[in-house]
Amino acid sequence: MALLEIKDLHASIGDVDILKGINLTINKGEVHAIMGPNGSGKSTLSYVLSGRDGYDVTQGDILLDGESILEMEADERARAGMFLAFQYPVELPGVGGMSFLRGAINARRREEGLDEIDNLEFVKMVREKAKGLGVKDEMLKRAVNVGFSGGEKKRYEILQMAMLEPSMAILDETDSGLDVDALKIVSEGVNALRGDDIGMMVITHYQRLLDHIVPDHVHILAGGKILKSGDKNLALEVEKTGYSSFIDAA
Amino acid sequence: MLHDVLKKGPQSGPLSALRSGAAQRFNDAGWPKATDEAWRFTNLNTLAARELAPVVDAAVVDTAGADTRGLPDGARLVLVNGMIDAGLSTAMPDGVELVALADDAELAACLDDERLLDHGVARLSLAVMASGFGLRVTGEVTEPVHFVYRNAGNDASTHAVGVVALADGASMTLLEHHSGEGDGLSAPVLAVTVGAGAALCHARVQAEGAERHHLATTIMTMADDARYNGLSVQTGGAISRTENQIALVGEQIDLTLTTLYLAHDDQVMDVTALVDHRMPNCTSRQIVRGVLDDQAKGVFQGKVIVARDAQKTDGNQMSRALLLSRKCEADAKPELEIYADDVACSHGATVGELDDNHLFYLTSRGIPKPEARQILIEAFLADVLDEVEQEELKSHALPQVAAWLEQMKG
Numbered sequence: 391m392a393l394l395e396i397k398d399l400h401a402s403i404g405d406v407d408i409l410k411g412i413n414l415t416i417n418k419g420e421v422h423a424i425m426g427p428n429g430s431g432k433s434t435l436s437y438v439l440s441g442r443d444g445y446d447v448t449q450g451d452i453l454l455d456g457e458s459i460l461e462m463e464a465d466e467r468a469r470a471g472m473f474l475a476f477q478y479p480v481e482l483p484g485v486g487g488m489s490f491l492r493g494a495i496n497a498r499r500r501e502e503g504l505d506e507i508d509n510l511e512f513v514k515m516v517r518e519k520a521k522g523l524g525v526k527d528e529m530l531k532r533a534v535n536v537g538f539s540g541g542e543k544k545r546y547e548i549l550q551m552a553m554l555e556p557s558m559a560i561l562d563e564t565d566s567g568l569d570v571d572a573l574k575i576v577s578e579g580v581n582a583l584r585g586d587d588i589g590m591m592v593i594t595h596y597q598r599l600l601d602h603i604v605p606d607h608v609h610i611l612a613g614g615k616i617l618k619s620g621d622k623n624l625a626l627e628v629e630k631t632g633y634s635s636f637i638d639a640a
Numbered sequence: 137m138l139h140d141v142l143k144k145g146p147q148s149g150p151l152s153a154l155r156s157g158a159a160q161r162f163n164d165a166g167w168p169k170a171t172d173e174a175w176r177f178t179n180l181n182t183l184a185a186r187e188l189a190p191v192v193d194a195a196v197v198d199t200a201g202a203d204t205r206g207l208p209d210g211a212r213l214v215l216v217n218g219m220i221d222a223g224l225s226t227a228m229p230d231g232v233e234l235v236a237l238a239d240d241a242e243l244a245a246c247l248d249d250e251r252l253l254d255h256g257v258a259r260l261s262l263a264v265m266a267s268g269f270g271l272r273v274t275g276e277v278t279e280p281v282h283f284v285y286r287n288a289g290n291d292a293s294t295h296a297v298g299v300v301a302l303a304d305g306a307s308m309t310l311l312e313h314h315s316g317e318g319d320g321l322s323a324p325v326l327a328v329t330v331g332a333g334a335a336l337c338h339a340r341v342q343a344e345g346a347e348r349h350h351l352a353t354t355i356m357t358m359a360d361d362a363r364y365n366g367l368s369v370q371t372g373g374a375i376s377r378t379e380n381q382i383a384l385v386g387e388q389i390d391l392t393l394t395t396l397y398l399a400h401d402d403q404v405m406d407v408t409a410l411v412d413h414r415m416p417n418c419t420s421r422q423i424v425r426g427v428l429d430d431q432a433k434g435v436f437q438g439k440v441i442v443a444r445d446a447q448k449t450d451g452n453q454m455s456r457a458l459l460l461s462r463k464c465e466a467d468a469k470p471e472l473e474i475y476a477d478d479v480a481c482s483h484g485a486t487v488g489e490l491d492d493n494h495l496f497y498l499t500s501r502g503i504p505k506p507e508a509r510q511i512l513i514e515a516f517l518a519d520v521l522d523e524v525e526q527e528e529l530k531s532h533a534l535p536q537v538a539a540w541l542e543q544m545k546g
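Heads up: the protein sequence lines correspond to chains A and B, in order.
Going by the working numbering, the first residue of the first sequence is number 391, and it counts up by one from there.
Going by the working numbering, the first residue of the second sequence is number 137, and it counts up by one from there.
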């Protein structure tokens, strides 16, 4: 069974149609890259999938593990296995990083009928995963994303992903604002999480991220539709010719 | 009616002239009106129309109705319906002398202050107070002193009046707690003087019952090198105001006051503060955070005055209100009056809702929306509480914040 099925998805904000009939299937173990120019609907797709308020799905369906998630709130989708790594992670002054992470894990555990996570076990788990991503202890103690650099924020997103162990991860422009070194650390973090139990959607404007996170499939999104799909070589083609040749051909 | 009450009270001693003067002014002016600038946002008309009976002795209302359970350990002064209850109070620590203002002209003189006599409600309290109390503080007092105000009764007003005088170089921690039942009014007045080099840590909790009214006036006068760290939390009362008027009359004074007000249902909650910089080289920081839910109304009136001589003043006052419902209201009147030319002052008042981006970030991690809202409300308060360094102040005031947040969940 497919992990994520997007069927003829139309979505709008107010009166403006953004997504105009997207069809896409992601199986467990696969990494799909969504590439597209600015304004193509990439971020909208990530928000509609993760259940953000303010977007109207006017047609079509989204199935996660065979079940429609359209009627589910963002938090329900997250507990069902969906994860969005934000393009612009949000600063939360006054919200302690550790209690935030613990709260997120426990919300999921409650749903599964499990007891809250043991505190020592939790701290051990955070430290271990944080170390691999170069997230310093001092960062963990701060309020969520407050005072973090752009690179630190992205690493913190991947840390949350590692902690929450989603079945379907959407990475929205994870490469934006990263220098080469940070890009490498983040990509390694993501690659470490690849596996047979997770599907990934990597949204990016540029090909360079896909040198590090090599996708199984590449889709070109423009004007709210997928114009072309292919393997990793499609990304190289985009790099060479730009998006306009695909848009003109469509 | 007022003059009848006055006849019953003590007519001799250092307070009598003050009381009759205050009574005269209250009788002439009556209760504050909506047309008075200071009371523009907090309307006392319904209260004024009720002809509340001031409690001047135990016979006027049944003081036994006041809940006197759960008193704090340690040194405490318990005021039941505005009067000291000697049985419930405990000994003051070394360095703290408790006096009756009627016997102490020096401390009683602290009440002879235009900030009180000109105040629409405080002057009533001066006029009808049953037994003013004074605290004379010398040296370094390590044990905190609790002022526990317990009130009860319908159609009655209580008027606890006190003076706290820290001598030069003295230091103490003062922890106030106000609570009560019934639909009466509590109108406590506290006059504080902080001597040269003296330091006061002060927490104040106003946790009156939902039907009560609470109109508190605190005036403070600080001398050279004095320090003040305050934390004030209010959650109670149908109509309430916590007013601070602080005069910095020396140099190198450092003042920090953090105020939280938390209101729901139809509560009207008013935080009014005046910081008057009269001398150079002083620092004042006031941080106000309000959370309003349901149809509650929050009022913030903040004023910083910097006199012509008060050069090098660093004065800050910032208020933020968080509106959790579309039916609540926040009124803010921040004012700066600066007559000196070499100062660093800032002030502001903002009103906002929970941020959708913040909510989405939390819910996208699996945290249910009600829980996410709760986390963000707590964060809104935690942000400023983290800045309060004195653990004693936090441990006194934060349980009230936690209790309020807890009832929000229900």
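Mixed in with the good hints, there may be bad ones.
Simulated pairs of lysine-lysine, DSSO-like, Cα-Cα distance not exceeding 30 Å [claimed, not checked]:
| hint | chain 1 | residue 1 | chain 2 | residue 2 |
| --- | --- | --- | --- | --- |
| 1 | A | Lys-397 | A | Lys-526 |
| 2 | B | Lys-505 | A | Lys-543 |
| 3 | A | Lys-543 | A | Lys-514 |
| 4 | B | Lys-505 | A | Lys-519 |
| 5 | B | Lys-439 | A | Lys-531 |
| 6 | A | Lys-526 | A | Lys-543 |
| 7 | A | Lys-519 | A | Lys-531 |
| 8 | B | Lys-448 | B | Lys-505 |
| 9 | A | Lys-397 | B | Lys-505 |
| 10 | B | Lys-505 | A | Lys-531 |
| 11 | A | Lys-514 | B | Lys-505 |
| 12 | A | Lys-531 | A | Lys-397 |
| 13 | A | Lys-574 | A | Lys-410 |
| 14 | A | Lys-531 | B | Lys-433 |
| 15 | A | Lys-630 | A | Lys-615 |
| 16 | B | Lys-505 | A | Lys-418 |
| 17 | B | Lys-448 | B | Lys-433 |
Hints listed in this document are in silico derivations from the structure and should not be mistaken for laboratory results.
Consistency of the hints with the structure:
no. : hint                     : in the structure
1   : A:Lys-397 with A:Lys-526 : 41 Å, violated
2   : B:Lys-505 with A:Lys-543 : 23 Å, holds
3   : A:Lys-543 with A:Lys-514 : 21 Å, holds
4   : B:Lys-505 with A:Lys-519 : 27 Å, holds
5   : B:Lys-439 with A:Lys-531 : 36 Å, violated
6   : A:Lys-526 with A:Lys-543 : 12 Å, holds
7   : A:Lys-519 with A:Lys-531 : 15 Å, holds
8   : B:Lys-448 with B:Lys-505 : 47 Å, violated
9   : A:Lys-397 with B:Lys-505 : 28 Å, holds
10  : B:Lys-505 with A:Lys-531 : 24 Å, holds
11  : A:Lys-514 with B:Lys-505 : 28 Å, holds
12  : A:Lys-531 with A:Lys-397 : 42 Å, violated
13  : A:Lys-574 with A:Lys-410 : 34 Å, violated
14  : A:Lys-531 with B:Lys-433 : 36 Å, violated
15  : A:Lys-630 with A:Lys-615 : 21 Å, holds
16  : B:Lys-505 with A:Lys-418 : 29 Å, holds
17  : B:Lys-448 with B:Lys-433 : 36 Å, violated
The structure is inconsistent with the numbered hints 1, 5, 8, 12, 13, 14, 17, although it conforms to all the rest.
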